[in-house]
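Undergrad: Residue numbers (the working numbering), protein chains in the order written: chain A, 1 to 100; chain B, 1001 to 1105; chain C, 2001 to 2139; chain D, 3001 to 3596; chain E, 4001 to 4308; chain F, 5001 to 5436.
The hints are all genuine.
Taking CB as the label site, the calculated pair distances span:
1. Glu-4263/E - Lys-1084/B: 42 to 50 Å
2. Asp-5111/F - Gly-3448/D: 47 to 55 Å
3. Gln-3326/D - Asp-5200/F: 38 to 46 Å
Straight-line Cα separation of at most 20 Å, EDC-like style, residue types lysine to aspartate or glutamate; simulated pairs:
4. Lys-4143/E - Glu-84/A
5. Lys-3302/D - Glu-11/A
6. Lys-3380/D - Glu-11/A
7. Lys-4026/E - Glu-4059/E
8. Lys-3380/D - Asp-7/A
9. Lys-2061/C - Glu-3583/D
10. Lys-1042/B - Asp-1064/B
11. Lys-3380/D - Asp-18/A
12. Lys-1084/B - Asp-5247/F
13. Lys-4176/E - Glu-84/A
14. Lys-2060/C - Glu-3583/D
15. Lys-5386/F - Asp-3204/D
16. Lys-5386/F - Glu-3201/D
17. Lys-5260/F - Glu-4244/E
18. Lys-3502/D - Asp-5010/F
19. Lys-5170/F - Glu-1007/B
20. Lys-4155/E - Glu-4177/E
21. Lys-5431/F - Asp-3204/D
22. Lys-4117/E - Asp-4202/E
23. Lys-5376/F - Glu-3371/D
24. Lys-4143/E - Glu-11/A
25. Lys-3064/D - Glu-3054/D
In silico negatives: residues of chain D with every beta carbon more than 12 Å from chain F:
26. Arg-3088
27. Ala-3089
28. Asn-3184
29. Gly-3269
30. Asn-3297
31. Glu-3323
32. Leu-3443
33. Gly-3521
34. Ala-3524
35. His-3547
It should be emphasised that the hints constitute simulated quantities derived from the structure, not laboratory data. We put the CB at the ideal spot given by N, CA and C, even for glycine.
Chain by chain, the residues:
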Amino acid sequence: MNSVNLDFAEELKEYSDDTAFECFNCGTCAAICPLVHDNFPRRMIRYIQVGAKEKILENSDELWRCLHCGLCTHTCPREADPGEIILGLKRFVLANWRKS
Amino acid sequence: MINKDKEAKKTAMKELRGLRKSLIASASSTMKIQKKDIAAIKAFLKGGAATIPEIAAGIDMPTDKALWYMATLKKYGQIVEVQKEGAFFKYTLSEQEKNYEKAEA
Amino acid sequence: MSPQAKKEQNKILILATETCAYPGADSVGQAHSTYPANTYILRVRAPVLFPESFYIDCFKKGISGIIVMSCGEECPYEGAYKALAKRLDSVYKKMKKMEIDIKRLRLTAICTVCNRAFLNEVKQMDQLIREIGPPQLMV
Amino acid sequence: MSEKNQNVGVYICYCGGNISDHVDVEEVRNRVEKMPGVALARTEMFMCSDPGQEMIIEDLKSGKIDRVVVASCAPSLHETTFRDAINRAGSNPFIYEHANIREQVSWVHHGDTATDKASVLIASATAKAKQLKPLDPIRVEAKKHTTIIGGGIAGIKAALDIAQTGIDVTLVEKSPILGGQLNNLDRLAPSGEKASEVLQELLDQVLNHKGITIHTDCKIQDVTGYVGNFSLDIVTKSDNKKLTIDTGAIVMATGSVSYMPFEGEYGFGRHEQVITLKDLIPILKENKSAGSVLKVNGKTIKNMVMIHCVGSRQIPGIHQPKENGQLNEYCSRTCCAAMLNVSNQIRENFPETGIYEMYRDIRTYGRGQEELYNQASKNKVIFMRYEADAQPEIIPSPKPDYPLQVKIKDSLTFNEEMEIPADLVVLATGIEPDDVSGLASMLKLPIGTDKFLLEVHPKLRPVEFPITGVFLAGTCQAPMDTGEACNAAGAAAVKASALLSKGYIELDPFVAEVDTDKCQGHGACVEACLKEGALELIEVNIEGKIHKKARVTAALCLGCGACAAVCPEKAIDINGWALKQYEDMVDAIVSDGFTV
Amino acid sequence: MFNPRDIIEVLAANVRQTKSPFGIPKYMVNTWFKDLRLPKEGEYLLFTGLMYQFSPFIETATQYLEKYEDTETAGYLKYAKWVPGYISGIGLAMMTKRKEKRKAGQLLKNIAYLLHKSKVNFGYRPDLDNYSGILLYDMGDQKGFVAHAKKVAQKLKNAGIKKIITIDPHTAYALKELFPKYTGISFDVKPYFELLNFEPKDCGLEVTLHDPCFFGRYLKASDITRKQLANMGISVTNIRNQGEFTSCCGGPAESISPSLSNEILEKRVKELGEPGKPIIAYCPICLGNLKKSNADVEDLSTLLARHA
Amino acid sequence: MIPTDIFNFDTLVVGGGIAGLQTALDLGDQGYKVAVVEKDASIGGKMIRLSKVFPTLDCASCITTPKMSAVAHHENITLFTYCELNSLDYDGSGEFQGMKALITQKPRYVDPVKCIGCRQCEYVCPVHIPDMEQGGLSATKAISIPFSNAIPQLPIMDIENCMLCGQCEKACPTNAIDYLQKPEEFLIASKTAVVTTGFDLLPVKDNTQYGNGKIPNVIDSLQMERLLAPHGPYNRVLRPSDGMEPDSIAYVQCAGSRDKSMGVSYCSRVCCMYAIKQAMLLSGSLPLADITIYYMDIRAFGKGYEQFYQNAKAMGIEFIKAKVARIDRGENGSAQVRYELQDGSGTATANHDLVVLSMGMVPGWNPEQPVCPVSKDTDQFITSIKPKISPVLTDMDGLFVAGAAAGPKDIVDTITESGSAAMEAAKFMSKSLMEN
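Next comes chain A alone, as it looks inside the complex:
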């Protein structure tokens, strides 16, 4: 059972624009991604939406499999810019690592 974290979005703002909320979870990004086939990047975006910070940190290695090729951003129906969101998460996670 997961409780949503209402404040995570605020925490992330420092690292990224909050376009993650524009995502309507269609899954195009996950299916178009040439690199990662494991619901990535939507899984990460959804975790941002529901504030699942721990899940993001747990799965953070996945972020660096993204090469920023931009195909997800290019095909996103909502223009939520998944590519930039992942870049933002890299920053967030790296900052977290460095803090610890």
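Please build the complex by placing chains B, C, D, E and F on the supplied structure of chain A, with the hints as guidance.
TA: Only chains B, C, D, E and F this time, still in chain A's reference frame:
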């Protein structure tokens, strides 16, 4: 009077032919290819009913094109669909077409 | 009348609704699809007009088969289709009693572009009456 | 039918080869010419051409013929052409019969069989033609007046539309005020107009229109009559005043109500923090409080959950039916946009109030609605999706800072179970039709399985009932939003206007007619009649004796012929499509044209 | 797969210490201009961002990494950051073949030649030509990137540079999009192929163009290259994944997972190979990576220089 | 050039699809004189080209044909088919104040008065051209009647593909062929106008994600309508690449709709329902085939629609919540769709014998200055200035809009809206009557 009209029409048609020269040329070359293709399909079908892939392989034509002709010839009553074989239907010359062929011969 | 005119004994009567089946038959014509010529199509508003006796009389007169081509449930006359279906049920009962093969009477729904269904119906009825011949009820 | 011999003129078309290539047209003419009753038979290259038509007109004018058969293409193409020609000759257009020898002969049969069949079809058409008689359209006087039942947005719009074309209107509303559901709404989705302003704009016009009479707080007690001549008895609820309205047409615009959740449905009635969208809207309307967080009943709403599809899209076996067994299987169409609209308002005015929307499918189908959904996402409304068989659960919160907790198996989060704390849970309750069963049975209006009023056909006649002269508009038919209800009202209004614009109504002449001499008053026809009121038994005094006779009300008769089939005396038949005609046609067919 | 955290820290430390992600001192890498007499001043400054120069070293590094991916040794990589950048970098430099280095240099010489032939007024200042820091940005080391970018941009600004010619898509993106956003310093940035201007001719060639992600999608520059080629009479066969819809070559994955990189490369080569024409790249990373596949690949500048 | 022919009407209806026909009938029935201008060779619009229609599943032709013929025979309605609208604007300058429309009658190269619709010309014509009425899946001739129930029954000569061989002229029994026909311009002056110009589908060729129309057996939904229609190209459902009866068919929803990257951000409103309808028809004609619908949200919002959707589910049609990200060429003529498994188990590819793209809807006509000054919304459909009180009102006095010209719309809503537009036009005319 009638002759005069006829003359006028003749001149106008000549003019039109000049104007549409390239269109007419491309249409007639299209028509010639179609005529050959259709003749090939019909000749092949004289050997018995066949499916689209069989026809296409038999006369070295892409399957989608063979189907396009088939749909058309069927519409104009020259070919009929007969039984099904696997996932494909077989086509054969229609009675009308067979009679026509006979008459030709 | 030329002598060759009277040669077809196996006649099929088709009662075709004005809004659906009759234009459907026209559509078959537009497609130039041939079907047996022993078919006579009557344009009707709603086949519910015909009493049981009409059908029996047709057979008595020598009609070999009747196809009622209606609009089905989409009939523009509210409730008419139900009444028609009921009517034909009792015609079937009468036919059984009179030992008329009930296959001689068919109720079907034909729409304005139901070419294939139309041709099928005609073909089946034609095959049937060619097998069993005209009804022997001549009065 | 009179027994005197009719003179039938038969005209056979070559159709420029279309017919003559397969049918020996001249041979057909030879055969037809000899048929009894045929005064003359002619052929022509194109019957539909001017010379062809002129030929018919000449023959009619000269008195050589008084019945016409044209054998050519399908009747759908040229029946009207030849009827018009006959009209031009000064004859009644209904003395005409068509033989279809192109679509049903020359295009489908070849050779001798085609020629034979063409002859037989002409023989059969001739047999019918001999039984034809002149017919006149039935004309019913109609009151240039329409009654609208229901004073919601659809009723108001319909009233205004009809009145503006010069037809008087009476608007009957059961409640004391006009406006219906719009009175309960605030900002309308998706464009955000104020419901009150939209309503006022129409009301101003309606109240000032001289052609519109308004009766509020009224009940309809009885409806009688038929198209053009209805009569409504109404009574005012407060002072029991009675009133009769004579009217030419009726528009049903009786509207809808909001679904009421049962106790315990998503915690409704058990937790005070669970309310419906309908309850929330007036709170928002009045909530003028400044500040960045929404307050409801004085309580701060930090986070709220909105649940879609409450009382809509219900599935047998999953959802609980109402006491009357009713299950709302339909989509209420308007709630998705309404919810998103409210969410946007809250997020924009009270940014510190968080919102979670739980949906099955977001149905922002209409113009500007998808943008509303997108905007809600931009406003950081968080969406969660549940399946019909796994509805969100509302329980008291285990944590002290929120009263409630909503549990959902969220398919967007990979089917994980999620828990959302909430200060408020809002249910998007669906639309249900207002109960008009009394009125419906008075007017014999059909009701669908979804309990909404049922139109004749959603595409052919979407705003009409099978009862001629009665129309429907708005949410009494199905859920719809304000714009759609107004469109429906416009469509109903145009039908009513077209019907009444002339002051009389012309009906098809193809109706049942009773041969009173033959009629024995069995009443079988009345029983068989599909249309209530079209046939009745009346008592007639013939030479001092009372006889029962059937009587047709032409304005109500459908012309289906159900009556003709059951009359033992064959005393009733359909004009233009008589049973007797068909019998003769069959005779002509079986005898290959000999007995005509 | 290597632990990304370790890799980033190595790269970040390298950039911090040597201004180069691979810890190779600039003087060892940037040598291509030495036997050319390039003007120092001009309307434009040619700014290579050193990406082409790095490419042979990256290749060597990848070969090295490939051996250790998913082995126990992979874990030791994290100690690399304790080794001063230039030591490991020099090691890398030593391992890289001279021939490869020369080839990379030739590409840059070609570009200088093309610009010169197009009468573009440009200058080259080795002192101002620095690595853009883009890899740090891509890896999420925002702080590291911004700190580095600020130094690079400030230097350019101090030198009075306004217009810049870039060569590779990553540097172009960094200068055009990221520098203004993160350093507050903007330049008029143009890729070199935008400025080329030759007499039209008809080479009668057909090629397949591999658009790099950053030029194809981010900077939407793929039409410009096509126009240039069309001008030379070189027709580009259309494939589905081109322009804004181009596919990744897998190159950037090398540092994190060489095997993933290979997997992507295989797919891309299949797409590019279908028309059966020579493949043209215009990004050093794409070029290096595509070359691994034994496909017929060369750089746009090589093709243009041969025919201009 | 000022055309000398001026026709006067009460209302000009632009577009002879179902919306235009209904509007014309509702006005004609009230006694107004109506002109219907249609750009195609026949009236009937998109609807006459459909197979069956939801949620009643009655045949589209059976509903449309009576309306077409009612319009054709209506004493108050005049049809102008195969006509291009060059401009439409309010003109208050002359004696007549109202709408003026400049129209070009495109040449059919057939004399409409002489022609009797016998199709002899079509039979003898030796040139085959793709029949766009059949989605290009079969051929017609360079001179042909567009489709069997077209109104009027007049052939059109395609001069792009005509060899001027003269065979049609020889075959014509009424000397109706006229190779020298020229376009003719004329004016229609009317008190009001109703724009019912409908919609088009986004072209598949512009959609790279779904293969730019180059992947065999990936077709659009209107082509599927033809495959399902009784008069379709094959008279049955076969896949176009080789005539195989498909065993697995997929629908890709929101292909171009609700998708800013594909150009249309709005919902096209009808695709969910027509996909479900087609799926149902398919499972009727191909009972053994697997049918899958990939969707984001099923929008079954209308009367009887939700029940229709639930029936489809019960029939075994598979609904997968996913937006297909790309389609590739598969093995043996199949097409491969790629999508995310939303339950978190990664991504998947699936092969289908036939893939139908539910392409987004865009306006069928783009009024732009100086053709017509009516305003368009951001969605490019004509702006409705009173979307609540009367969605048919535009920002031009006396000009109304109905049907898909005012945004994607299903047939039910279109017919209702057309009635509403007819009402507004009638009100406008009776108002000006009273004022004068």
